[in-house]
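Asks: Chain residues, written in single-letter form:
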Amino acid sequence: MNVAVPLLQVDAIEVAYHRVMTAVQGVSLQVGAGQLVALMGTNGAGKTTVLRAISGFLGLDDARVTAGSIRFMGESIENLAPHRVTALGIALVPERDKVFDNLTVAENLEAAATPRRADRAALLEMVHAQFPRLAQLAKREAGYLSGGERQMLAIGSALMCAPKLLLVDELSQGLAPLIVQELIHKLLALRDQLGLTILLVEQNARVALDAADHGYVIENGRIVLDGDAAKLGEHQDIREFYLGQGGAERKNYRDVKQYKRSRRWYG
Amino acid sequence: MQLVVNIAVLASIYALISCGYVLIYRVSRVLSLAHGELMMLGAYGLVTTASLFAAQPGVAVAAAGLLAAATGALVYWVLMRRMTGEAVLAAVLATIALGILLRGAMVLIWSAQVQHPARMLGFDNPVVALPGGARLSTISLLLVGMNALVYLALWWFLTRTRYGIAMRAAGQNPRLAAQRGINLHAVYALAWGIAVFTGGLTGILIACDAGLDATMATIGLKAFPAALVGGLDSLVGALCGAVIVATAEVLLIHYVDPLLSDVVPFLVLTAMLIVRPWGLFGSREELDRV
Amino acid sequence: MPHASGYFRTTYGQDTRLVDTRTQRVAAGAFICALIALPWLANPFVLDLANQTLLAVVGAVALMLLTGFAGQISLGHAGLMAAGAFCTGILSKELGASIWLTLPASAATGALLGVIFGLPSLRLRGLYLAVSTLALHFIVIYLGHEYETRRGFSTGIVIDPPRVFGWELVDGRAWYVVFLIAAGGTVLIALNWLRSRTGRAWRALHGREAVAEALGIHVPLYKLLAFVASSTLTAMLGCLFAYYRGFVSGEAFSLFLSIQYVAMVIIGGMGSIAGAVMGAVFVTLFPYGIEWLVGLVSEALPEMRGLQNAVFAINYAAFGLVMILFLVFEPQGLAGIWRRVQAYFLMWPFKQKPLSGGGK
Ligand SMILES: Nc1ncnc2c1ncn2[C@@H]1O[C@H](COP(=O)(O)OP(=O)(O)OP(=O)(O)O)[C@@H](O)[C@H]1O
Ligand SMILES: [Mg+2]
Chain A
1 MNVAVPLLQV DAIEVAYHRV MTAVQGVSLQ VGAGQLVALM GTNGAGKTTV
51 LRAISGFLGL DDARVTAGSI RFMGESIENL APHRVTALGI ALVPERDKVF
101 DNLTVAENLE AAATPRRADR AALLEMVHAQ FPRLAQLAKR EAGYLSGGER
151 QMLAIGSALM CAPKLLLVDE LSQGLAPLIV QELIHKLLAL RDQLGLTILL
201 VEQNARVALD AADHGYVIEN GRIVLDGDAA KLGEHQDIRE FYLGQGGAER
251 KNYRDVKQYK RSRRWYG
Chain B
1 MQLVVNIAVL ASIYALISCG YVLIYRVSRV LSLAHGELMM LGAYGLVTTA
51 SLFAAQPGVA VAAAGLLAAA TGALVYWVLM RRMTGEAVLA AVLATIALGI
101 LLRGAMVLIW SAQVQHPARM LGFDNPVVAL PGGARLSTIS LLLVGMNALV
151 YLALWWFLTR TRYGIAMRAA GQNPRLAAQR GINLHAVYAL AWGIAVFTGG
201 LTGILIACDA GLDATMATIG LKAFPAALVG GLDSLVGALC GAVIVATAEV
251 LLIHYVDPLL SDVVPFLVLT AMLIVRPWGL FGSREELDRV
Chain C
1 MPHASGYFRT TYGQDTRLVD TRTQRVAAGA FICALIALPW LANPFVLDLA
51 NQTLLAVVGA VALMLLTGFA GQISLGHAGL MAAGAFCTGI LSKELGASIW
101 LTLPASAATG ALLGVIFGLP SLRLRGLYLA VSTLALHFIV IYLGHEYETR
151 RGFSTGIVID PPRVFGWELV DGRAWYVVFL IAAGGTVLIA LNWLRSRTGR
201 AWRALHGREA VAEALGIHVP LYKLLAFVAS STLTAMLGCL FAYYRGFVSG
251 EAFSLFLSIQ YVAMVIIGGM GSIAGAVMGA VFVTLFPYGI EWLVGLVSEA
301 LPEMRGLQNA VFAINYAAFG LVMILFLVFE PQGLAGIWRR VQAYFLMWPF
351 KQKPLSGGGK
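Residue numbers (our numbering), protein chains in the order written: chain A, 1 to 267; chain B, 1 to 290; chain C, 1 to 360.
Keep in mind the hints are simulated off the structure, nothing from the lab. Treat the hints with caution; some may be incorrect.
[Stated by the list, open to error] Derived, one-sided and incomplete: chain C residues facing chain B with beta-carbon distance under 10 Å:
1) 67
2) 71
3) 131
4) 132
5) 138
6) 139
7) 145
8) 155
9) 158
10) 244
11) 252
12) 255
13) 270
14) 316
15) 324
16) 326
Glycine residues also receive a C-beta, built at the ideal position from the N, C-alpha and C atoms.
With these hints in hand, go ahead and build the complete structure from the sequences.
Replies: This is how it looks when you write it as C-alpha cells:
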C-alpha cells in the first residue's frame, strides 16, 4: 500500500474534555489512501476520543484538541466544525446514537448532507445496492431496527455523505460474531469498490487484525504499539493480552508488572 | 354558533403563534419567551412597509413577511448562537431580555399609539356573515385559512423536503446531525426564521383586524400555554392545545367573567401540569431533557 | 471568594467564618457605619431610593436562594409579592389588622403558595417550572383584581401606615430603619442557611439531581424547602412594600417586575449573596441613571428634547440590552467582576493565584 502520502495524518494530538480532563495525549497515526487501519485498546483507552477529534467536536461536547495537528489531504482540520469535516470527505459511524431514532430508514438516509460534488441519487442507489435490506426497511422507524440493521443504516447514511475516509467506531458492539464477519467483509468490499479508506476502532483484536492492513494499540490515551497488522498479530503482548493466547503456564504477578513496565517503553 | 366561530378564530391565533414556540423548541431545545414581541415586531414591520408601498398592499405584506423571517434568522445569528452550549436557563433568560429590549425599542421607533396598518393600506375589513347567523371579519376568516395553510405547509416541509428532514434530525440528535454534514447553525437560523415568519404573519393579521399596540405581546404570552398543553415537541399537540385553550377561554368569558380572559390559558396549563406534565402529545422523556 | 492572598485556613471554624481577614472586618464595619449614617445625610429623594434598594435586596436574596443556589427558575416573583401585598391589604381593610398580624399572615400565604407551586417542581424541571410560576403570577393578579372590583376598590386598596411599638411608620427614616433590619436580616439568614446542611443540599441538587439523590439528599424535600423559603421571604417583602406605598394594586406587580428580579440575579451573578445585593442595587438605580443620562443629553442637544418623553421606552430597551450583555459576556455577573478585581489587586504583580484552582 501507498503510505508515502497518507490521506490522514494525526500528529501528537492532545484532547481535553471540559478544559481540564486530558483524555488522549501525544497520539499520532497515519492512514494511507485505500488502507483499512485498525485502532484497538481497552475500555476508556481513548479510541472514541481520537475518532471524535478527527471528525470534530461541537460546542456542547466542551472538548478541544489542545495540541498537535490533524491533516486530511494536506488540509489542517483540527477543531473544525463537524459539518465542515464531513464536507471535506470524512464520515463517522459513531459508537452510540448512530441513527436518528424517530426518523424512518429512508428519512435517515435523506437527512445526510451530500457535498455538491457528489450525485445524491447515485449515492442512494449505491447504498441500496450495498445494503438491500435498507431498501426493504425504508418505511420502518429507525428506533425499531435490530442491532445489525442499525449498524447497516449507520454505515449507509455515512456513505450518503460521499466520504473518502470512513471512521467506524466499535463495529462489533452488541452484534453476533457472524454479523460482525459479514459487516467486516462489507467494509472491505466497500473499500475495494469505492476506493474508500477506513479507520476502524475495534475491541475485538482478532476481527480487527484479520481485516486490517495496519494496526495501532492505544492505552491510557497513548499509542503503545503499532505495526503491520500481520506482524502485530504475532506480537507477544498482543497475543497475550488482546488475543488471549498466552503460553500454557499461568503468569504470575511479577510478569504482569513486567508487562506494565514494557508498556511504558512504548508510551 | 357565534361561539363556535369565536373559538375557531381564537384557536387559529393561538395555533399560529404556538407553532413558532414548538418549532424553535423542537429544533434547538430553546424556549423563546420573546415570541410575543417578535410577533409584534412583524406587525410593526407592516406599518413601515405600508407607508412605503401604500398603493400595493400585496407588496407591503410580502415585504413585511420577509422582514420578519430575516429578523428571526438575525436573532439567532447575533444572539442565540452564542447561547448554544450554555445551560438551557441562560438561553431562556436571553430571550426574556430580548423581549424587554424589543418592547422598548418598538415604542421608541413606532411610538406607543395604536396603529392601524389595514387603514394605511386602504383595506376596510368588511364583516362576513356565515350561514347559521354567525358573523366575523374578513381578516378573522383569513386567520383561520392562514392557520390551515401554515400547518399544512409545515407538515409538508418537515416530512417531505430534505431540509425539513434535516431539521428534524438536528432537533433529535444535534451531534449526529453535524457528523452527517448538517450545518447546525444554518438549521437553527432557519427554524428561527420560519418561527418568526409565522409569528409575524399572525401579528400582521391581528394588527389589521384589531389595531396594533403594546398589548399584542400579551397574546403571544397567552399562546404559550397552548403550546405547552399540547406538548412542546409536537405540532399536532400545539394545534390541539390551541383548540382546548381557546375553547376554555371563549366559554368561560362568555358564561362566567370577561376578566378571566388573561388567566384562562394559565389555569388550563396549571391543570395540565398537575395531571400530565409532558403535555397531550409530548413524550414523557422530554421532561427529563429540559 | 478571594479574600486573602492565599488559602490560609487551617481549621473548620475558619472555613465557615463569614469574615476572615482584618481588612475585611474593617471594610464591613465601615460599610455598616455608612448604612447607619445614611438617613441623616440624605435628602428625601435619596432616602426613597435607599428604601427601594433595601426592599429589592430582600427580594433579590430570596430569588437568589431559589434560582442561584437551588437552581430552580422562577418567573412568579412579582406574583408572590402581590400575594403578600394583597393579603396585607385585605386583612387590614376587612379586619383592621395590625402589622403584627398581616406580616405573619403574608408569610403564611407565601409559604402556602410556595408549597402549591413548588409541588409541580417535583415532577417538572427547568422550563416547565418557569412556566408554572408564570401561571402563578397571572392567577394571583387575577384574584387580586377580582377582589378589588368586587369590593369596589377599582383603583387599588389604600392601607393606613402601621404602628410599631407606638410609633407610626410614615417617615422615610423610620422606614429606612425597618428596611435595613429586614435586608440585613435576610442576608444574614441566607448566608447562614447556605453554610448549613440545607444550603449544601441545594447546591448539590443544582449540580445534578440524580447525584444529589445518590448522596442521600432528600431531593423533593429540599426542592420544596427552597420554594417555601424563597416565597415566604418574598411574600413578607410584598407586605412591607404595601405598607411603604400605602397602597395595593395589581398594576404594581407586572411581569416586568418579575423579570427585574430575575435580572438582579443574573446581573449580580448566580450563586452569590453579595451578587444578589449588587444586582438589587444596580437594577433599582438603573432607571434613575437612564433618566439622568437622558436629561443630560436633552440639555446638551436641544433637538433631542423628544427623548424626554421616551424615557420609559429607553429604560426598557437599555435594560434588556444590559441583561443580554451580562448573559453573553459576563455570566458570572457583577460578583464575578468583583472577584476578578479583588484577585487582581491581591495578586499583583502576579497573574495567577496559588492553590485557587481558578485556572485562567
Ligand atoms: N464527554 C466526556 N467528558 C469527560 N470525559 C470523557 C468524555 N468522554 C470520554 N471521556 C473520558 O476520556 C477517556 C477516553 O474515553 P473514550 O470514550 O475515548 O474511550 P474508548 O477507548 O472509546 O472506550 P470504549 O472502548 O469503552 O468505548 C475516558 O477516561 C473517559 O472517561
Ligand atoms: Mg469508545
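Asks: Confirm or reject each hint.
Replies: So, going through the hints one by one against the coordinates:
The beta carbon of residue 67 (chain C) is positioned within 10 Å of a beta carbon in chain B (closest approach about 8 Å), and the interface hint is therefore held. Here the hint on residue 71 (chain C) is kept, as its CB sits about 8 Å from the closest CB of chain B, short of 10 Å. Evaluation of the residue 131 (chain C) hint against chain B yields a held restraint, the C-beta minimum of about 6 Å falling below 10 Å. Because the closest C-beta pair between residue 132 (chain C) and chain B is about 5 Å apart, less than 10 Å, the hint holds.
Annotation: residue 138 (chain C) was flagged as interfacial toward chain B, and the flag holds, the nearest CB pair being 4 Å apart, inside 10 Å. Because the closest C-beta pair between residue 139 (chain C) and chain B is about 6 Å apart, less than 10 Å, the hint holds. Residue-level restraint check for residue 145 (chain C) holds (minimum Cβ-Cβ distance to chain B is 6 Å; threshold 10 Å). Annotation: residue 155 (chain C) was flagged as interfacial toward chain B, and the flag is violated, the nearest CB pair being 16 Å apart, outside 10 Å.
Taking 10 Å as the C-beta contact cut-off toward chain B, the hint placing residue 158 (chain C) at the interface is violated, the least distance being around 22 Å. The restraint placing residue 244 (chain C) at the interface with chain B is violated, with a minimum CB-CB distance near 25 Å, outside the 10 Å limit. A distance limit of 10 Å between C-beta atoms decides the matter here; for residue 252 (chain C) the minimum to chain B is near 17 Å, and the interface restraint is violated. About 8 Å separates the beta-carbon of residue 255 (chain C) from the nearest beta-carbon of chain B, less than 10 Å, and the hint is met.
Because the beta carbon of residue 270 (chain C) sits about 9 Å from the nearest beta carbon in chain B, less than 10 Å, this interface hint is met. Look at residue 316 (chain C): its Cβ gets to within about 3 Å of chain B, closer than 10 Å, so that hint holds up. At its closest, the beta carbon of residue 324 (chain C) sits 5 Å from a beta carbon of chain B; the interface hint therefore holds under the 10 Å criterion. With 10 Å as the threshold, the beta carbon of residue 326 (chain C) comes within range of chain B, its nearest partner Cβ sitting at about 9 Å, so the hint holds.
The structure shown violates the earlier hints numbered 8, 9, 10 and 11.
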